[in-house]
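Novice: Protein sequence lines, in the order shown, are assigned to chains A and B. According to the numbering used here, the first sequence is numbered sequentially starting from 156. According to the numbering used here, the second sequence is numbered sequentially starting from 41.
Keep in mind that the hints were calculated from the coordinates and are not lab data. Warning: the hint list may mix true and false statements.
What the hints assert, rightly or not - No more than 20 Å apart at the CA atoms, straight line, and that leaves these computed lysine to any residue pairs for SDA-like:
#1 Lys375/A - Leu68/B
#2 Lys374/A - Ile64/B
#3 Lys88/B - Lys374/A
#4 Lys375/A - Asp110/B
To be verified - FRET-style restraints, in silico, Cβ to Cβ:
#5 Asp465/A - Glu82/B: 47 to 53 Å
#6 Arg264/A - Lys59/B: 25 to 31 Å
#7 Lys83/B - Glu445/A: 54 to 60 Å
#8 Ala291/A - Arg90/B: 36 to 42 Å
#9 Arg90/B - Glu519/A: 31 to 37 Å
#10 Asp593/A - Asp115/B: 58 to 64 Å
#11 Met41/B - Arg206/A: 35 to 41 Å
#12 Lys631/A - Met41/B: 26 to 32 Å
Unchecked claim - Counterexamples of contact, computed for chain B against chain A with all Cβ distances above 10 Å:
#13 His52
#14 Gly54
#15 Val55
#16 Asp56
#17 Ala58
#18 Lys59
#19 Glu60
#20 Ile64
#21 Phe85
#22 Asp86
#23 Ile94
#24 Ser101
#25 Ala103
#26 Met113
Note that CB positions come from ideal geometry on N, CA and C, so glycine has one too.
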Amino acid sequence: MDSILNLFETAAARFPDNTAVSGEGGEYSYIELADTAKMIGTAICRHGCFRSAAAIFLPKSFACIASMLGVLYAGNYYTVLDTESPSSRVRSILEVLDPAVVITSEEYREVLPETAAEILLTDTMQEGTADEALLASVRSRMTDADLMYALFTSGSTGKPKGALLTHRAVSSYINWVQQTFAFDAETVFGSQTPLYFSMSVTDLFGALTAGGTYVILDKKAFSFPLMLLEQLNKYRVNTLYWVPSALGILCGWDALSYAKPEYVTRIFFAGESMPVKYLNYWRKHLPDTEYYNLFGPTETTDICLWYKVDRAFSEEEAIPAGIPCANCDSFVLTEDGRRAETGECGELYVRGSFLASGYLKEPEKTAASFVQNPLQKDYPETVYRTGDLMKVGEDGNFHYLGRKDSQIKHMGYRIEPSEIERAAMSIDGINMCAVIYDNIRDTIILIYQGDAGEKEADTGIRTLVPEYMVPGRYEKLPVLPLNANGKTDRKALKKMFID
Amino acid sequence: MEEIIAILNSIHPGVDFAKEQHLIDDGLLSSMEIMMLAARLEKEFDIKIRLPEIRPENFQSAAAVSAMVDRLMDD
Chain A
156 MDSILNLFET
166 AAARFPDNTA
176 VSGEGGEYSY
186 IELADTAKMI
196 GTAICRHGCF
206 RSAAAIFLPK
216 SFACIASMLG
226 VLYAGNYYTV
236 LDTESPSSRV
246 RSILEVLDPA
256 VVITSEEYRE
266 VLPETAAEIL
276 LTDTMQEGTA
286 DEALLASVRS
296 RMTDADLMYA
306 LFTSGSTGKP
316 KGALLTHRAV
326 SSYINWVQQT
336 FAFDAETVFG
346 SQTPLYFSMS
356 VTDLFGALTA
366 GGTYVILDKK
376 AFSFPLMLLE
386 QLNKYRVNTL
396 YWVPSALGIL
406 CGWDALSYAK
416 PEYVTRIFFA
426 GESMPVKYLN
436 YWRKHLPDTE
446 YYNLFGPTET
456 TDICLWYKVD
466 RAFSEEEAIP
476 AGIPCANCDS
486 FVLTEDGRRA
496 ETGECGELYV
506 RGSFLASGYL
516 KEPEKTAASF
526 VQNPLQKDYP
536 ETVYRTGDLM
546 KVGEDGNFHY
556 LGRKDSQIKH
566 MGYRIEPSEI
576 ERAAMSIDGI
586 NMCAVIYDNI
596 RDTIILIYQG
606 DAGEKEADTG
616 IRTLVPEYMV
626 PGRYEKLPVL
636 PLNANGKTDR
646 KALKKMFID
Chain B
41 MEEIIAILNS
51 IHPGVDFAKE
61 QHLIDDGLLS
71 SMEIMMLAAR
81 LEKEFDIKIR
91 LPEIRPENFQ
101 SAAAVSAMVD
111 RLMDD
């Protein structure tokens, strides 16, 4: 069967002594990772669970990665929990997931919310032995349609929603990643995103299926840009896949004028719109590096569209979302269900093998988002409605226009907050910004950080957008809040300025 | 020093800033709070905090922050 495990084992057999996982927590070879994962897998098997959920309550670490693979060796699917999120959120994920086992360590067991599941400790599992025969017999019963992981996003009602990804979806996705980007044994990822966030699938498995190295960057380093650059150089990181806000931290401090990441040859970004201001800053300092904009929701494993930056962009422009990945067709439909014309706005739909199977224990939400392809009725074919607004341009590239549910209706106009944000970001003295809408007071609010005064911001915006898109209120913050994934925290902003 | 403790309290209430000596190592100040703090200090003390000052040692305690501010005010 095709799975990440097979791809990982092939890499481990070719490059046994290469470093698989590295960082301040130590350096671990492919052999060490495979052996530890098998020990953990054996211990999980002995609990008699198969095709069941296993929660992992560990910080981003070698033990966490070995546990993820261990869960797969045992034929189960995992959910990585955020050890730093409020215990109420962890508890509500555990309630939905209802895992057979929870994997944690002595240290983290103390902060784990109470659960009925069996608790397994990595400290003891790592001292056991691997039962190869047992693991082989488990593998012979697995299929590529089995679940690999459940990844929880916050649902609109606040109840966590678990997207379910199969081995088939993830290995198909990683095959595309390798065909397109050809990561190899020399690839060293400096990873920023948490292991409970879909972006981590690309750098973690992009590295582990190629004999490359996954460097766990110290989270603290993102507060101290020079420390971050020092780490990138110390571990000879040559590939980044970060959210734009994380790349923006270094622009905000003008960190690249002080030190440069000396080995970085490719930078990928996804998760939110990349402000051209940041891209241009990085390109100015690292002109020989390649830049890629990746786009996709958790429900298409990680990515469904991609774009290699191949020209200069001005700050008023948006970077295209690009073209569909192989085995993952994307198309834009209008509200009345026909294919949008070139340049016409519509909702992005995705079909192909990267798709999630649906949401855990949410038949209604699954049915609402995973639907029969509206373009053909002759045979069953599930497509995913992304809720993203897009248009396909004359150049053949898809262009992101915003979220269907964040579209503002103001003075009779439909407005995309991202359009105002893009305009604001091109103003000197605005380093980061977000637009939110106060429905009760019918007011567009621009929240920004930077030296620009309210008046300068207002004057600047008026030259860039039509009157009806000009914010009615400006709020300046020393710094915009970021959520656990490192993206601008819009929910927090709404709480601060509207509620 | 008292002024700095007051600023710290306004950024992150509920921590005994007079006592804590490992604000960064113990994760009591997030990256966002450090940026907020730096911006506030620049404004209140009319100083410019350049990037080389943004290192863990300068933010581990109220005393460390205060020492950094004193040094920058003398410059």
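Novice: All hints, please: hold or fail.
Specialist: Tested hints:
no.	hint	result
1	Lys375/A - Leu68/B	holds, 11 Å
2	Lys374/A - Ile64/B	holds, 11 Å
3	Lys88/B - Lys374/A	violated, 25 Å
4	Lys375/A - Asp110/B	violated, 25 Å
5	Asp465/A - Glu82/B: 47 to 53 Å	violated, 39 Å
6	Arg264/A - Lys59/B: 25 to 31 Å	holds, 28 Å
7	Lys83/B - Glu445/A: 54 to 60 Å	violated, 39 Å
8	Ala291/A - Arg90/B: 36 to 42 Å	violated, 59 Å
9	Arg90/B - Glu519/A: 31 to 37 Å	violated, 54 Å
10	Asp593/A - Asp115/B: 58 to 64 Å	violated, 43 Å
11	Met41/B - Arg206/A: 35 to 41 Å	violated, 60 Å
12	Lys631/A - Met41/B: 26 to 32 Å	holds, 28 Å
13	His52	holds, 13 Å
14	Gly54	holds, 15 Å
15	Val55	holds, 16 Å
16	Asp56	holds, 21 Å
17	Ala58	holds, 22 Å
18	Lys59	holds, 21 Å
19	Glu60	holds, 16 Å
20	Ile64	violated, 6 Å
21	Phe85	holds, 14 Å
22	Asp86	holds, 15 Å
23	Ile94	violated, 6 Å
24	Ser101	holds, 16 Å
25	Ala103	holds, 19 Å
26	Met113	holds, 20 Å
Going through the hint list in order, the structure does not satisfy hints 3, 4, 5, 7, 8, 9, 10, 11, 20, 23.
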